[in-house]
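From first to last, the protein sequence lines stand for chains A, B and C. Start counting the first sequence at 1; every next residue gets the next number (our numbering). Start counting the second sequence at 1001; every next residue gets the next number (our numbering). Start counting the third sequence at 2001; every next residue gets the next number (our numbering).
One should not assume that every hint holds.
[As the list claims (entries may be wrong)] Simulated pairs of lysine to any residue, SDA-like, Cα-Cα distance not exceeding 25 Å:
| id | chain 1 | residue 1 | chain 2 | residue 2 |
| --- | --- | --- | --- | --- |
| 1 | B | Lys1268 | A | Gly47 |
| 2 | C | Lys2193 | B | Pro1261 |
| 3 | B | Lys1267 | A | Ala64 |
| 4 | B | Lys1268 | A | Ala268 |
| 5 | C | Lys2202 | B | Arg1009 |
| 6 | A | Lys267 | B | Ala1204 |
| 7 | A | Lys205 | B | Pro1261 |
| 8 | A | Lys205 | B | Gly1275 |
| 9 | C | Lys2193 | B | Ala1059 |
| 10 | B | Lys1012 | C | Glu2196 |
| 11 | B | Lys1086 | C | Gly2240 |
| 12 | B | Lys1093 | B | Arg1111 |
| 13 | C | Lys2193 | B | Leu1307 |
| 14 | A | Lys259 | A | Gly47 |
| 15 | C | Lys2193 | B | Arg1111 |
| 16 | C | Lys2193 | B | His1084 |
| 17 | B | Lys1267 | A | Asp226 |
| 18 | B | Lys1268 | A | Arg201 |
| 19 | C | Lys2193 | B | Glu1181 |
| 20 | C | Lys2193 | B | Gly1275 |
| 21 | A | Lys177 | A | Ile149 |
| 22 | B | Lys1267 | A | Lys177 |
| 23 | C | Lys2193 | B | Glu1121 |
FYI, nobody ran anything at the bench for these hints, they're computed from the structure.
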Amino acid sequence: MSTPLLRVSDLRTYFISFRGQRVVKAVDGVSFTLEQGETLGLVGESGCGKTTTCHSIFRVLPPAGQIIGGSIELEGEDLLTKSPGEMRGIRGRDIAMILQDPMASLDPLFTISDQVSEPAYFHRGLRRRALKERVTELLHAVRIPSPAIRMREYPHQMSGGMRQRIVGAIALAGGPKLIVADEPTTNLDVTIQLQYLNLLRDLQKETGVALIFVTHNLGIVAKMCDKVAVMYAGKIVEQGSVREIYNSPEHPYTEALLKSIPRLGDKAPLYVIPGQPPDLASLPPGCAFYPRCPHVMERCIAEEPEDVSFANGHPAKCWLPFSSRTSDLVSGEPDLQQDKARPSR
Amino acid sequence: MADYLLEARELKKYFPVTSGLLGRMKGWVKAVDDVSFGIGHGETLGLVGESGCGKTTTAKLVLAQEEATAGSIQFQGREINTLHGKDLMEYRKSVQVVFQDPYSSLSPRLRVGEIIAEPLEIHTRLSRQAIRARVGEVLELVGLQPDAARLFPHEFSGGQRQRIAIARALATSAQLVVLDEPVSALDVSIRAHILSLLEDLQRALGVSYLFIGHDLAAVAHISHRIAVMYLGKIVEMAESLELCNNPMHPYTQALFAASLPSHPDDKKEEIVLMGEVPSALNPPSGCRFHPRCPQAMPHCSGEEPVLKETAPNHWVACYLY
Amino acid sequence: MATIPAVSIANIARVAGALRQRAKLLQGAPLLAVFILTVLVVAAIFADLLAPHHPEIPVKGAKILAPPFWMEGGSASTPLGTDYQGRDVLSRIIFGTRVSLIVGITGTLVAGSIGAILGITAGYLGKWFDQVIMRVTDAWMAMPALIFAIFLAAMLGPSMWNIVIALGVVYWTNYARLIRGEVLSLREREFVKLAEVAGASKLRIMVRHILPNVMSTIMVLASLTVGVVIIAEAALSFLGLGVPPPQPAWGLMLAEARATLIVGKWWLTVFPGLCIVLVVLASQLFGDWLRVRMDPQLRNR
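Can you build the whole structure from these sequences, using the hints too?
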């Protein structure tokens, strides 16, 4: 096996404030790998740690955020050992990011051409005509009509969908191997979102770039991703190929998420996950999901689950994952009889 | 037509656009252009469309926040546009709203109890105790503890704040609640909570909803009927299931195609629309969708198509039918 | 019978809890400023108990005495010396806190009220209300504050309440400006729209929704204004337009002592002047801290 493009091992990022009195374990032992040209979906709700994971990879955390442990290997080299100068050379060149709000990502005072050319200028050393050609090429690639005219315009003169495509062009300008897209289509209209996702997929086919999609929208995951990692309270509770996750989710949280999403044309009542997402500063000792889990056992309250793998595939952090349950989750009722009868693992 | 709670007929709202110091008229933004629909008792009408389609302006017209340029809105048979004074207050008592952003729609310096009590204080002459009792009642109705009334909004999560907003909307036993993207700003797992809650409340209280959203799946789930809007016009209107099974207008079909699959193997027919939504200041001639329509025909740019009942209770404005 | 102590213990516990909550609010406050302001308030309230002598009656058997009291010419019973009438300086200063405090606080209240009402009305009602009020504010601000105050005070005549009115009427403009700006942005927030849709009257919205949300700005401005008003009062007293004698006021003490400065009786001007400086400084420091404190708190929420 060749070296994976990105290997994150046991990453821990904590936010420490009030002189050490308050520790938020935003990312607590996250591990995953990504091969060249693959698309990973990092799925979870607000506060689960997916954005912090990405900020850790780029090492753009706010002062309170500290990477306590683990490693982030890009093509075998640990990014956590790099100096700030080295990181600056890597950001924009080998790894790039697309954020949610295109208006906030673009500088209102500079032309499109200035902004798109910046990574090519700094990281690839292009100048003058070569630079201009590269910008035109990039604008073509992201399907901006009449690039020669648009280049000289300013962000406020464009629509939301177009701005987000410009952001994509900027991300591509340095020729990166990995692009992290953090909720890139949340602010876009539905039909524009489809255009944009198709564009990203085509760009991936053309350039072979790997993608990490950070989102809470399972539809995007179903459409775009090869593999999925589901995050909850700072940990990856389940990861596997996209089909494995959709066809046989192991972790109760994944199951519940899939069941709580409305489907077109289906009027059946939605499954409602009880309770609230946890407070990351004061997590319970056992499994972070136990207060909301329909299959909770005594063991879940006391011990934090480790990864459990099965014959058919993918690991999940649960003491009672789906494969070991014989009951069905259709009604969402907790099956306490079943739990009591089970021998503990 | 059946006996509607609220009926809009040929509703138009044009905003004047002026330019220059002297405010010369440059044109009109036809935000809502000849829109007609009805909402029955205990029914949910879903309004779906993308930015610029006019659904927010329609909501404002229904809430009497804006005055219609033309057309009429009748609530229980009475024309809204001509209401003022006590009659207008009666209307406001019966028609309430829940906004999209739970973080800015609740007054930050008031306690939850005071926020919910406000419509009661404005519209009824109930004693302080009676109001407090009613506040406790609606809080329980939305699944919160009555003693939440003492707390401030910032002590609650997004989903809980939306419940508070819903409680407030129901405090005066409103008959129609306009829900303007009520779950778009919430986490995925919380959306199911709120949608279920809204459905339960409708069953229990018989309240009607005007549900505005852009997530087709959520709108289809909660609505009995759906109206699809594009650039100020309704292009298709039908019962929810009928629309999902048989979308007729090309724009509706594109919307369905664009709502993402629910499973990786769910291969949908891909309809990718070209271009962007045109500006409402200068809409295309004839059928407003024709420049982007994959099935456009030459005469689509001529005269505008009208809504026709092409299948039982299924209305489409398109020359294909 | 046993229930009575139980109830009162519960009450005390509740009050203690509330106090602890309030105390937490002051976390990080500039200690010196808080200390000075506390001393000011305590001195004003308990002046009768704290002052060693009556402020208006000459100390028996004393002539002009100089501090420090351990040196020749001084006396321990009048540690800060006496003025040319033999009245104890320390006692006069302590009693003078009353005037400063009352005028400072009520003057600020008057200014704040006028400014807040005008600012909120202009910001929320908009249109011609806004235009008229803002033009009046502009014109008002064009007049130099202190001179205007002097003019008004001279017209109204010397009395504590006239001073309060004069100062309030002069210093409201800052409030109006600032608050109107905030109201302009608050007006577009969703919770205001919610209240409008519910049918709330404009007055109700202004009082229940807009006012509480500008309170923090008002408080910050108020704490800064207190210092300004105290200085203005001192200036008025100095010019003889302030609180009429023999009631002690720091500005008045300065005025009375002006002639004696040449003769070397430094303690008659230094101590009252020092008090004015300290109180104004404390009020500014506190106001600054309050402003910073209010802001991130809003962001957290």
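**Study point:** Indices of hints not satisfied (ascending)
**Key:** Structure breaks hints 1, 2, 3, 5, 11, 13, 20, 21 and 22.
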